[in-house]
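There are 2 protein chains.
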Amino acid sequence: MTDQVSRIAERIPADFGEVIRTRRSVRHYDPHFVLSREEIRSLIADAVLAPSSNNLQPWRFLVIDRKEDKEKLYPIANSQKQVLEASATIAVLGDLEGYKRVKEINRIAVERGYMTGEFAAQQAERLLASYGARSEDALRRIVLIDGSLAAMQLMLAARARGLDTVPMGGFDHERFIEAFRVPATYVPIMLIAVGKAAAEGRPTARLPVDDVTVWGSF
Amino acid sequence: MTDQVSRIAERIPADFGEVIRTRRSVRHYDPHFVLSREEIRSLIADAVLAPSSNNLQPWRFLVIDRKEDKEKLYPIANSQKQVLEASATIAVLGDLEGYKRVKEINRIAVERGYMTGEFAAQQAERLLASYGARSEDALRRIVLIDGSLAAMQLMLAARARGLDTVPMGGFDHERFIEAFRVPATYVPIMLIAVGKAAAEGRPTARLPVDDVTVWGSF
Chain A
21 MTDQVSRIAE RIPADFGEVI RTRRSVRHYD PHFVLSREEI RSLIADAVLA
71 PSSNNLQPWR FLVIDRKEDK EKLYPIANSQ KQVLEASATI AVLGDLEGYK
121 RVKEINRIAV ERGYMTGEFA AQQAERLLAS YGARSEDALR RIVLIDGSLA
171 AMQLMLAARA RGLDTVPMGG FDHERFIEAF RVPATYVPIM LIAVGKAAAE
221 GRPTARLPVD DVTVWGSF
Chain B
21 MTDQVSRIAE RIPADFGEVI RTRRSVRHYD PHFVLSREEI RSLIADAVLA
71 PSSNNLQPWR FLVIDRKEDK EKLYPIANSQ KQVLEASATI AVLGDLEGYK
121 RVKEINRIAV ERGYMTGEFA AQQAERLLAS YGARSEDALR RIVLIDGSLA
171 AMQLMLAARA RGLDTVPMGG FDHERFIEAF RVPATYVPIM LIAVGKAAAE
221 GRPTARLPVD DVTVWGSF
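Those sequence lines, one after another, are chains A and B.
Each number in my numbering comes from the position in the first sequence (counting from 1) with 20 added on.
Each number in my numbering comes from the position in the second sequence (counting from 1) with 20 added on.
Excised from the complex, chain A in its bound form (with noise of 0.2 Å):
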């Protein structure tokens, strides 16, 4: 059998409602289905249009595309067999040093005429100095709501692509950052499964809006 290729560089119109609705956690997956690298790219460029705490974009992606690489992965992983049958698992880390990236954000910002330099440079000082004199357990705080933001949004790009995607906190997180060699900066946030369904994802119960919302004050 011949692998088939994918071919949805260019997003399907989705509808938003369809695409929440639609999304479910899909653990069988067509193991012929190949998404390109230039798939995985522009799913990524649509999850870092999440926000992000003073826009300093932490999340960093390891893609686990490759047979030998998803070998490696799958022990990790508590063994869960989308890992070597999903197209790609892709890894969304935060970098607790994120923030110091800040002037290359701001360069981009000038560029395109977001910002002037004069606000760009006292900003990235201000934003420097106050990230660095936070505690690493408050910056770890950060890059994991930052993260999962972009995971969530992530998430929502395959689907509205036709994809399917299950996202995966059950992992060894030193072995991990062992086996891939992550940067003792970078925090695993969770892994994300993405590819081709090939057995529906089972529906899930939800506790009713009412039963999880408070007005006012508890």
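Bear in mind the hints are in silico, worked out from the structure with no lab data behind them.
One thing to keep in mind: the hints can contain errors.
One copy or any two copies: either way a pair holds, since identical chains are not told apart in the list.
[What the hints assert, rightly or not] Straight-line Cα separation of at most 20 Å, EDC-like style, residue types lysine to aspartate or glutamate; simulated pairs: (1) 120 - 138; (2) 123 - 38; (3) 123 - 231; (4) 120 - 145; (5) 120 - 231; (6) 123 - 88; (7) 120 - 230; (8) 123 - 230; (9) 101 - 156; (10) 87 - 231; (11) 120 - 220; (12) 101 - 50; (13) 101 - 231.
Use these hints to put chain B onto chain A, whose structure you have.
Same frame as chain A, now just chain B:
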């Protein structure tokens, strides 16, 4: 001037790509624009379609939509004007003991035919034991991630209805917990102001995909 009342109970058909490309953090809101509680419920209903660790849905929402509550929040949220001017600010919280509602969740799943009663009972016991054995740190990590996934979906759901949002991480957590009598097991994750933009959000720069993506291994 009479208050405008929004008529957005039904989602505006919205293209997913347009939703993510037009979502920007908006800091100036029309203070006369009223969102009904039914409309806010519909945003939260969309948000909770997000995935969560073992579908345990530890996200909780505190909706601050009355004048007196906005005024109470204002100084706690660093006097950011959107707290007063937006239709509402939704505090996204994570319940460290949220997993204890697994039987409630599974009861709904059984009623809908998503799982058998036997599976539901066994799975609930397994999850109660495994989450009960986790450290507070581990649980905090999980609820931060899950709450952030729902937060992202909430911001997009607002945009799909022609509304705007701004996530706020900068607020005094201690004072917030005290002022709004937040239960001891709840962790504040972020505040999201939501309403009708009075001025467009400013465009922001993003690091190129290739600068935040690694293939195969570091």
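- Query: Against the structure shown, which of the earlier numbered hints fail to hold, in ascending order?
  - Reply: 2, 6, 9, 10, 11, 13
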